[in-house]
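Asks: Starting from the structure of chain A, add chain B where the hints point.
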Amino acid sequence: MLDQNTLFDALADADDAYIQSAASLLGYEKEDNMRSVPFARRRLSRAVLIAAVIAALLAVTVMASFFAFSTRVPAADETFRIHWSDAEGGYLDWKNAKLVVSFPETAESNEVEFRPGWLPFALPEKLPLSDPWQGLTDETWFRRFTAESLCWAELEDDPAVYEDISQPLEIEVYAMSQFNDGGAMLMLYQTPGEITEEHYDAQDADVLRFRGTQRFEARPEFGLPERTSEYSYVLLSNAREGWVIAVRGQLDMDTLVKVAKNLEIRPTGETATYDDFENHFLFFDGGVG
Amino acid sequence: MTDNEIIDLFFERSEQAIDELAAAHGTAVRRVALNILGDLRDAEECVNDTWLGVWNAIPPERPSPLRTYVCTIARNLAAKRYHADRAKKRESRYDLVLDELAECVGGGDSAEDQTAARELAGAIDRFLGGLEYTDRFLFMRRYWFADSLQESAEMAGMTYGAVSVRLHRIREKLRKQLIKEGLLE
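So the sequences go chain by chain: A and B.
Residue 389 is where the first sequence starts when you use my numbering, and the numbers rise one by one after that.
Residue 9 is where the second sequence starts when you use my numbering, and the numbers rise one by one after that.
The set of hints was computed from the structure by calculation and includes no laboratory data.
Please note that the accuracy of each hint is not assured.
Computed list of chain A residues with no C-beta within reach of chain B, every gap over 12 Å [what the hints assert, rightly or not]:
1. A405
2. H471
3. R503
4. E513
5. W529
6. A606
7. D640
Derived, one-sided and incomplete: chain A residues facing chain B with beta-carbon distance under 10 Å [as the list claims (entries may be wrong)]:
8. L395
9. I407
10. W506
11. G581
Positions of the beta carbon are idealized from the N, C-alpha and C atoms, including for glycine.
Chain A extracted, bound-state conformation (with noise of 0.2 Å):
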């Protein structure tokens, strides 16, 4: 019976050149050394980087000020308190933040659902660990969508365009009332590029997309190259109703609008005050980034 521990113990078999390249920082003091080496060199990389980056989004914050969207770069040492289960006492103080993204206070925010009208992927019928995923029917409404393992079921090979991607797509319903008196959406990770804002008729949203990377410092001591994580977020929201819609993932822009483009969008009936959530931040680049 193959089982985890058959495959545990096959492992063990696993070709001495695997093993050896991702052994190389284990146990070895002189290679524990090298690694607070590379990560200062990031930050101060880093810092870099997001100077050259704030000073054209200090621009769109100005023309972002009619829109219903507001954006600022925050001062590095302004300190966020992001609720963190895992963190001591519950909470986590982040600071240098890359973006923050605020809503017109909204006293209750009308829930709503979606359903894709247009996927670049087919979606498979069943998957195999996910039950009780029956496929997309005309039934099917989500709050959440999650792509990295329905993109890939039931598939005989992945595509192209999926290489090297960890999370092609995900939408996600939020409310804007949970973002009143001083909360709102941060990247934490990802440094944006130029911001867009748009309206959408059809699903009578503002929005406001753009890039975000990450660049990762080479690490030769186990043999990492150089690399930049690339992401596009697609932000949708209605004012009036009080929902927002992160459309995101590591899909190109234009393929992540024509999933934003496509949505049918939905009331559910369900209404969300700002007392409905005990988190007041929610960061837009942890999970996908």
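Replies: Chain B only, in chain A's frame:
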């Protein structure tokens, strides 16, 4: 002292070989054992068993690279020791690693009752060979060395969330490959 010089000491049956081996690779071996067993005292006994195993194997073997060889012995001994003591509370990182690997084989039956270990190892090698470097690094750190997600994330310069999502995807790939190769239905 170089690995070759340590091995020479083993061939000379000098007990200094153990001291030199421990000095060169003891931290690595201890870490593998502790990752799997989750208990310092158990890990220390496993390390001592590893030195004994190496003493019995060299000569005639002359392993290269030596560190991979001793870590493999430690990993196998630690897993064996853990299974022999299954009554203990599930608190080791090894449990988490096994739970995650179960996703690769869960919901399916093996094509044969007794899958040949060599066939499976070959399939895993082909799978690893087809992975992009970062994916292979993360997979090996998690499922060979039983590192925590946070440790792996720090080493790779990635976020915890990114590593978690990426490992999920890699497990899906492994599952598909095992099915494709007829090792899992």
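Asks: Taking the hints in turn, state whether each one holds.
Replies: A quick look at each hint next to the structure:
1. A405: violated, 9 Å
2. H471: Given a closest Cβ separation of 16 Å, the condition holds.
3. R503: Holds, since 24 Å exceeds 12 Å.
4. E513: At about 15 Å from chain B, E513 (chain A) clears the 12 Å cut-off, so the statement holds.
5. W529: holds, 24 Å
6. A606: violated, 9 Å
7. D640: holds, 19 Å
8. L395: Because about 5 Å separates L395 (chain A) from the closest Cβ in chain B, which is inside the 10 Å limit, the hint holds.
9. I407: For I407 (chain A), the interface hint holds, since the closest Cβ of chain B sits about 5 Å away, which is under 10 Å.
10. W506: violated, 23 Å
11. G581: violated, 19 Å
Checked against the numbered hints above, the structure breaks hints 1, 6, 10 and 11 and satisfies the rest.
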